[in-house]
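Protein chains in written order, with numbering that gives the first Met the number 0: chain A, 0 to 448; chain B, 0 to 431.
In short, the hints are calculated from the structure, not lab data. Don't be surprised by glycine CBs; every beta carbon is placed ideally from N, CA and C. A couple of the hints might just be wrong.
To list a few chain A residues with every Cβ distance to chain B over 12 Å, as calculated [to be verified]:
1) R51
2) T52
3) G116
4) A126
5) A199
6) D216
7) A219
8) T226
9) D244
10) R315
11) R438
12) T444
Have a look at the derived ranges for each label pair, beta carbon to beta carbon [claimed, not checked]:
13) B:E207 - A:G418: 32 to 42 Å
14) A:E142 - B:Q327: 21 to 31 Å
15) A:S235 - B:Q140: 38 to 48 Å
16) A:R438 - B:S167: 29 to 39 Å
17) B:S396 - A:R4: 53 to 63 Å
18) A:T445 - B:G14: 15 to 25 Å
To give an idea of the interface, some chain B residues facing chain A are shown, with a C-beta separation under 8 Å as derived from the structure [stated by the list, open to error]:
19) S62
20) V98
21) V245
22) S278
23) Q364
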Amino acid sequence: MSPARPAVAPPEPWTFPAPVEHVLDNGVRVLLHDVPGQYVVSLRVVVPVSLRTEPAGREGVAAMTARLLDEGTAQHGPEEFAELMERHGMLLGAGVSDGGLLVDVDVPQAHLATAAGLVAQALSEPAFPDGEVRRIVRNRLAEIEQERASAAHRAMRELSRTLWDPADRAATPAAGTAESVGALTRDDVVSFHRQRVGPAGACVVVAGDLAGTGALDVVAGSLGRWTNDDHEPAPSPVPPQPSADRRRVVVVDRPGAVQTEIAVGCPGPDRSTSHGWAPYPVLAFVVGGSPTARVDAVLREEKGYTYGIRTSFRPRVAGGSFVAQGSVRSEVTAEATQLLLGILDGARDGFTDSELRAGTDFVARTAPGRYATADAIADESAALALERLPVDFTTTTLRDMADLDPDDLRSAYRRTVTGDWSVVLVGDADTIVPSLDGRVPGPVTTVDR
Amino acid sequence: MPLDYPMHRRTLPNGLRVVVSPDHTVPNVTVNIWVGVGSRHESPGRTGFAHLFEHLMFQGSRSVRSGEHFEALMAAGGRLNATTWFDRTNYFETVPTGVLELALWLEADRHGHLLDAVTQENLDNQRDVVKEEKRQRYDNQPYGTALIDVYAALFPDEHPYHHPTIGSMEDLDAASLADVHDFFRRFYAPDNTVLTLCGDVEAERGVELVERYFGGLTARAEPARPLLPQLDPLRGPVRVDRRREVPNDRLHVAFRLPVDDTDEFLACSLALDCVAGLSTSRVARRLVRREQTALGAHASAWGFVDGASIGMVVLDVAPGADPIDVEQALVEELDRLADDGPTEVELETSLAQAERGWLSALASQEDRADLVSRYTLLHDDPQRVNTYLDRLRAVTSEEVTAAADRWLRPHHRLTVAFLTDPESSGSAEAVA
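Work out the full structure: start from the sequences and follow the hints.
Below you can see the structure in the form of structure tokens.
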């Protein structure tokens, strides 16, 4: 006889690992998370940078500046710097989000001091050799072509262009276009770095097993010495301006494509929303966060049209979006899009108690595991710093979730989902466009691949 | 010095191999199950079946309705999925400590009693879902089918690694309910399975719980066929050219390697790092930084058990550069490494990066559990997770040179070239 189905024991309350906070002499804020047993230490530096401050026609200069930080410094040539990092087990990535410049480093505990020293050099005295500037720009141009070739990337790019006002920076890719990046020179990068990248407002996060590392002294002795007298702090973030004609359908033509990538979206909240962030992760899960959520219960498990369509709220430092994205086989594009919009709009009628319970329990009870490793803790802590949210934000949001009722979910969803959708379909226009008629609202335009 | 993650191992009377690795830093437990069946066990005309079968494991079993496995665990705070690969099928969930028993009960129900619930309707639905997965991940991706070409040209017809895990549309169409029953009876059995618990549970309690829920399953796996003998290096070079609408030319240069977890395989993986795997590798310095004829260079070694592994270098050719020249430069660097061996700095760098990579993989309970299952199922020794870095550090410069000489000489290579097609004519293809 098989044993009976066991009951579930509720978990103990949990809190996001709290950092120890310091402010260095140069104003840099430091958050230290000691996580015993995490032998690879994660170091994050976030510098508030507004992409709106990029000079017109030079969009992407912030991203290229970030990518060039470790391509040679006052003390080391580009190859020498790369070798120093790699020999010490470092892995470094640098880029930008809508709100800032981010440097990510993972390094074995024993090499934390070396890593912090190299990061400080990269941020404070990058050399930007002309040859490296040209190489990184060329690589970005090739990357733009690779992103164009990927249906998922292409869809998101077109969605941003449709959702946001054409004059708003958010309508253009964070790392720039072929035209704007192609126009960049070394001078552009040097002056952007001098003017926009400095210690004022910056935050350093270190997470991992910090026993014996002297982490605070290490950071103070490296990034604590970073100065930049020319630095102009970033202006306060403002939400992107939605496009006046965002309620429409754009088909990106891919003749002969076997699938259509569907991306639908509308403006959404940031995590500082005055209504509270707690309902949004729950809504994303209940509507389209699993194979049995509302969207895939129909499109995947009932119809077999897709491997999976997911919904997500995508907060920026100010403003954000709500997006559903996935791919379906070409011949069912119109029907699948109609079903998807029907499910998304139908959810405005509200959610059941059991959906609320499943959603809040999923989000709250997976948190200890989602934030168990040094890199996950560091990423969340750095994101909170950039979004100017308190260090206990993650913990208080989970607590707020426990108090949600179905009406809270319904109100939060209706504040975002008004039924005005920007719809992007990347696929075979000859198949898609004639079938859309009457099934998907809004005017239809077709653009080249 | 070896790592010291605890490994408590027990084999139940029905043959189920259980490993418990307690770690109380987070109030979670990962249940990670490796079943000793993958695409290498598929028969001709049924490629892709192991993976399609994996999907059916979520569609209900004797006491669990379709979709309930996902629903019940997620609603209790579980994160879960499953994957299929050449050598194994893997089912896993990370759950709050108080959900461990429910997870084991759900797993035991499907691993013991799937066939009570399988229906033609579920099979047809998941066949459609898997076809969309194939389109999404392979057919509708630039370069998405390159690896399928690599497997086909690197291994002889009928070799277990000749075909991809995703299979073919025709074979997916041919899969029947009878195949599902047959496959389950042949391969899904406690004596062909490893179950790892990693996380907030003591060893004795963990074994006791696994025994409670899995003890009633009966041993019945068919005897495993002996593993194939080691394949010799490819007698090449072999070349497959594909003209496609891709953003830039890309070369996939592949080699047969020694089987997984041998000293010679480790030496090959270090050699590949030195040639093209590091950001300061020979090829990256030369082609990406100096000559700037490549946009990027990557290398990897995939360890398999059935007579061969795969080593691969991937080169993205810069616009305007000639892919023939880029390949020729790689050829020179492969020969140079095999002639002269790695420098001290190169070896040190490869080890430093391998160490960070390995420690990062072990940082989360779920990835650690996966490695424990892997070394237990495929190599019968969970402790290898703790000793891997020591074994890697023990590899000498001479062994790397010898491995490069035997396995990574240019005449042993397969090149699958995806080339931009200015005419967009689509399908002109040449296989030489």
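Hint check results:
1. R51: Consistent with the label, A:R51 stays out of reach of chain B, its closest Cβ about 30 Å off (over 12 Å).
2. T52: holds, 29 Å
3. G116: Non-interface label stands for A:G116: nearest chain B Cβ at 16 Å, farther than 12 Å.
4. A126: holds, 15 Å
5. A199: Per Cβ check, A:A199 is outside 12 Å of chain B; nearest 31 Å; holds.
6. D216: The claim stands: A:D216 keeps its Cβ more than 12 Å from every Cβ of chain B (closest is about 23 Å).
7. A219: Its Cβ never comes within 12 Å of chain B, the nearest being 25 Å, so this holds.
8. T226: holds, 29 Å
9. D244: holds, 29 Å
10. R315: Check passes; 26 Å lies beyond 12 Å.
11. R438: Non-interface label on A:R438 holds, nearest chain B Cβ at 20 Å vs cutoff 12 Å.
12. T444: Non-interface label stands for A:T444: nearest chain B Cβ at 22 Å, farther than 12 Å.
13. B:E207 - A:G418: 32 to 42 Å: violated, 54 Å
14. A:E142 - B:Q327: 21 to 31 Å: holds, 25 Å
15. A:S235 - B:Q140: 38 to 48 Å: holds, 40 Å
16. A:R438 - B:S167: 29 to 39 Å: Hint holds: Cβ distance 33 Å, inside 29 to 39 Å.
17. B:S396 - A:R4: 53 to 63 Å: holds, 58 Å
18. A:T445 - B:G14: 15 to 25 Å: violated, 60 Å
19. S62: Holds: closest Cβ of chain A sits about 7 Å from B:S62, inside 8 Å.
20. V98: With a minimum Cβ separation of about 5 Å from chain A (threshold 8 Å), the hint on B:V98 holds.
21. V245: Status holds, d = 7 Å.
22. S278: With a minimum Cβ separation of about 6 Å from chain A (threshold 8 Å), the hint on B:S278 holds.
23. Q364: holds, 7 Å
Hint compliance for this structure: hints 13 and 18 are not met, and every other hint is.
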